[in-house]
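A.B. asks: Residue numbers (numbering that gives the first Met the number 0), protein chains in the order written: chain V, 0 to 251; chain G, 0 to 433; chain D, 0 to 572; chain E, 0 to 126.
Please keep in mind that the hints were generated in silico from the structure rather than gathered at the bench.
It cannot be assumed that every hint is accurate.
Said to hold, decoys possible - Taking lysine-lysine and the DSS-like style, the derived pairs with C-alpha atoms no more than 30 Å apart in a straight line are:
1. G/Lys406 with D/Lys517
2. G/Lys193 with D/Lys199
3. E/Lys25 with G/Lys413
4. E/Lys111 with G/Lys193
5. D/Lys30 with D/Lys517
6. G/Lys21 with E/Lys111
7. E/Lys5 with G/Lys233
8. G/Lys81 with V/Lys10
9. G/Lys177 with D/Lys30
10. E/Lys42 with G/Lys193
Predicted, not measured: the structure shown is a model, and the values here were computed from it.
Here are the chains, one letter per residue:
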Amino acid sequence: MQKVTLTLREKNRIPIVADSITPDNFAGLSDRDIEQIPVWHGNSQVFLGDIFEVVVDGSDTAENVVIEINGDVSRIKRIGQGMTAGEIIINGNVDMHCGCTMSGGKITVNGHADNWIGCDMRGGEIEVNGNAKYYVGSGYRGDTTGMTGGKITINGNVLDFLAEHMSGGEIHVKGDAGLLLGLANNGGTIIVDGDATMAAGEMKKGLIVIKGTVHEMLPVYREDGTEEFNGETYRKFTGDVNIRGKGTLLIK
Amino acid sequence: MNVITDAICPFCGSLCDDLTIKVENNKITDIQRACVLGHNKIAGVTDHARIEAPLVRKDGELVETTYEDAIERAAEILVNSKRALSYGWSSTSCEAVSKAIELAEETGSVIDSCANVCHGPTTLAVHEKGSPAASLGQVKNRADLVIFWGCNPVHAHPRHMSRYSMYAKGFFTKKGRKGRHIAVVDVRETDTAKIADTYVQVDPGCDFMLLQAIRSAINDNEDVIPEIVGGVPKETILELATMMKEARFSCVFYGMGTTQTRSKYKNGDAVSSLLYDLNQYSKSVMIPMRGHYNVTGFGQVCNWETGYPNAVDFTRKFAYYNPGETGASDTLLRGDVDAALVAAADPGSHFAQEAVKCLAKIPLIQIDPYHNPTTELADIVIPAAVVGVEAEGTAYRMDSIPLRMKKFIDTDFKSDEQIVTDILEKVRELKRGA
Amino acid sequence: MSELIIKNAAVCDPLNGINCEKMDIAVKDGKIVESVSSNADTIDAKGKLTMAGAIDGHTHCAGKINVGRLMSPHDMRMNPVNGLSGLQPATSVTRAQAGYNTPNTFALGYRYSKLGYTTLSEAAISMMAAKHTHEEFESIPILDKWGLTLFGNNWQVMNYVRDEEPEKLAAYLAWGLRATRGFGIKVVNPGGGEAWGWGKNVTSIDDEVPDFDVTPREILVELAKANEDLNLPHSIHVHCNNLGKPGNYETTLDTMKIMEGIKAARDRQVLHLAHLQFHAYAGNSWREFESASTQLADYINTKDHLTFDMGQVIFGPAMTMTADGPLEYSNARMLHSKWSNKDVELEDGAGVVPIVYSPKSFVNSVQWAIGLELALLVDDPWKVMFTTDSPNGGSFVNYPEAYSLLMSAKKREQIIETLPELAIDRMVLPGIDRELSFYELAVMTRALQSKMFSVDTIGHLGIGANADIAIYDIIPDKIDAGIEHEKVKQALSATSYTIKSGNLVVQDGEIVSSPRGKTYWVNASGRVPSEINEVTLKDIQNNFRKYYTVAMSNYVVDDHYLPNPIEINTQEA
Amino acid sequence: MKLETKLITGRTAYQGSYLENKTNPKYFEECACCEMNPEDLNKLGVSVGENLNVKTAFGEVVVKARENDGNPEGIIFIPMGPWSNAIVNPDTGGCGTPGFKGIPAEVEKTDKEPLDMISFMRTYYYQ
């Protein structure tokens, strides 16, 4: 077990890109080593030690590294990018691209997350105990496959374009979702406990369940009886008919 | 007297190239064939209040200075910034754009064009689905159906209709307007809608729903379409679909009504998907109604020089692109830039209040021929020649056809291209010194 | 007065009959000379393989590649070929680089230079957007460029063909080359592009083009004749009808046969067939799809009037881009992929569609084999130009991969073993053991291009040639490319030195300087009698007045767009 | 009386004609105005040329009333410019572009006068 505690020294406005904050990168490193990892602050390079007070307890391999981040890191991007193992706990709001492309391990955000959390995720787990903004678990610009594996749980609400181009894995939003969630889903599972608007266009395959109200049902799904999901009965829709999709959309 | 024929109008993305300009003693004395927008811009070079000299803000007031001083101050601001925003570059030449990109790369800045508040979402839609397009002459020579969706050319592109779309006569369209069906889809009955054959009124923000419904109709999936979609009756939706399927050649011109409304880039994406299916039955293309005369050119140059069409962030020395994060409005709303260079655009007028507030707080350099709301916020103001009137250069029409803009009259003002070149040189000098 | 001497080079220079001989090369003022003074800078090449700068005779490097870029921001982030793809930061010498299949202009220049390339032939200039191509040319550093102008679906061309007015046709072509500053005549799916204006296509060389009362056959033959009447340095450069369709090899054979009677004005082919791989398919459906490379190679081996390029496929993501609009639409429908289209009034069209060639796909695997088969089954390397039709078959940064496939039967065998059995049944590659030598590779990448484009200053290292030189970290007599194919691939991926017009631009695989390149264009107007020119101009003006949406004066590319021009005047030749 | 509407902003030829002439009072006249259906004007008891306060979740602005029977009831139009942009939705929706159209807006009659360009910029942006 290796515990790394990062405490933000001073809140920044110009974004810091800290894709080096991962258990993989920190495994086996001392506080001095970690302090000397370079990160971009705007167009200049600084070091993690300039940004955070770093305390390391123990030394271990990535799967046994726990990184705890304290302070408002709502202007620090890409925390946990590409991580394969271990754990990150963020006690505060976090900036964009947290946990993007990660393939293993767990990130917990005890605050709100900005856009693109868990984008292009391959595996592992993300839990946000507040809200998240746009493009949770989506693909990046131009890509036609986004999240392919892993699980994202948002305990609050999310904004538009949840899980765009998702092709695997699971997303559970316990609050409401915004516009156009699950666009071009190709095999992922999306569950929204609250409401959603214009859900699930161009779904090829996969499952989308909306437990609350769907505002403005897109005219691209064919009603196909009912289906049970977790002990409850839903109206079942199949589509997107325009791409001969075999996706399932369950709504109340 | 000097008569310039086939002159190119530097106003909108129609980039009309048939103007005749008469010049006497370095004064424009006659402008033929321009619309009111183009005429006022070209005539305005001498009529309107120009920024007469470089200005710098001292104790809250803008006071005159020299080009040299203004350029040096501008360079200092950029060199000292951690993340500057370079914005605009849409009413200027491709040559100036190219230099602006080099400056952004050199200073580790973010650079974005007016597409940010205009057709930026169109670009995002192309990333998703591509763009089935054509040059405007294909519409002129072939189209028997033209659909204006969320655009109002009577006001925004006045000569578009006679030169390319509504009235134009071509090889297969000898009857012009008579042989062509015009449909308008909009949230209000615009002046364009008033002269159309079909007007479909859609509820605000429901374009995406309507486009999906038409696509379902095209694909013989009428059964999934409810009786009313976005305020439009099913019957009308089926009529639109039939109209599109039966046309020999159709074009959807789309504007801000699709990009600036709810669902944003998904509307353009949906037009593209609709055409992807429609082309199995009937030839159909889509062309965005671009606003600034060379906002298309910015996209072209930025795309070939950086790999991305706009919203490029060079803070990490390589090109990083992600509208929503690196767009001009995004950076200003988040307040995560510490200086701005604005050229050939007026965010003071055309950005949302929250974004303008950020511009007002940070050091702001403006390059422009005219005093405008951005000037009110600027700390350094560098007057420029009017490109397309006082300086030549390349511009791209809304259909990506390049044209070389002419210079009609001489001026003592520096061109945008020259000003940026000078700033870039000064930046390099300062960096070498540092 | 800059002087340079390259010592102890193992020179491979087929145009001068030199096969990996140890020599010195002297350079003065950008040209190769007999000797230089003792003040000359020295490069000790230490027996390394030294060739003329390579020439990519068919690549999509400027113009519609920008549509590809716009469609694929994810391509900018892709990095499958280390050092030659992906996002790379700016340095004190280089601008920021991005991309793989559709890299930015700077990356194009740097990466081609690292591979030892010094000249590019853009495969298609859209006439009306020609300024765009030249703007991108200007932005691509280091390399020299030219572009081939699209004429195969042009209204005025089709009208003159139909009306049997060969002189006016030639006059129009000369005008078009000048207006677009083009190098030669490109024909893409003749007639099919016009049909695509109505969402249709043609399916053989004898289909009638809607509304124009001509056939692809007539367009092809008349353009070929006019090409020779104008004494153009290059032959017509043809992308046949029916690209990418099973059974299309018959159309390809037809196209080759109708050119047999054309007399060449110069010592070169009268027909160049572009990316032949895509036109060498047998079978009547995708289920029956199989290689037709034998049928085509058998014909080519008996004829001397044509050259072709491979259009080799590279496994992985690629970006198809072509003036063949209807093809791209059917590609997009078949692949369920993004689709861009760009028809140009009175002239031609274009489409761009991303693709992934998968070694698990039987069709893709056969396509991969066909390119290699064509290059290996045609005996004479002077008929075969090396290409991937970049980025249609794959990005140019993969050329070393394809070179090593041509040079190693063992490597081919290793890959074939992994392909679907059905694919192996439908190809002839497993039975081919030919391995190309460095000499033959130099023919296909340099010497042939010099000849087929009639540019005698490039593609070789003789006295008077441009000092465009590539030196690779290979000792030719100490390597067996058949076995050490991986080593060959690595060495050909980054030169020890690339010299462009006498300037050192690459050293040890890194860009060390970035001079501007030049642009070639062909002026054939001297071959057109003035009275013919006059009447033709009237027709051109008429088209502008009635049908074009730009003025004629704004259409032509002026000198501004060619700051470093090389004008080839066909009158003088 | 207050009217609940949806705000659309955009180009007009008149606003566009003064695009490079924004210190001209005509630019102010052509931008600091709100086009409404005559029925909506009736409901508010406002005549053309009188002043309206338009308020959204993002700000408020005073503009002159104009009539346009092309606007359906409940849809108001303010030409693009500093006045309209004081009340549009700044959120870029993760796509870079703010919401310039379809913004819920509350309209009522006011005695306040619209601010000319320079006064407007100073009032809204000089702290």
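A.B. asks: So which hints don't hold here, by number, going up?
C.D. replies: 2, 4, 6, 9
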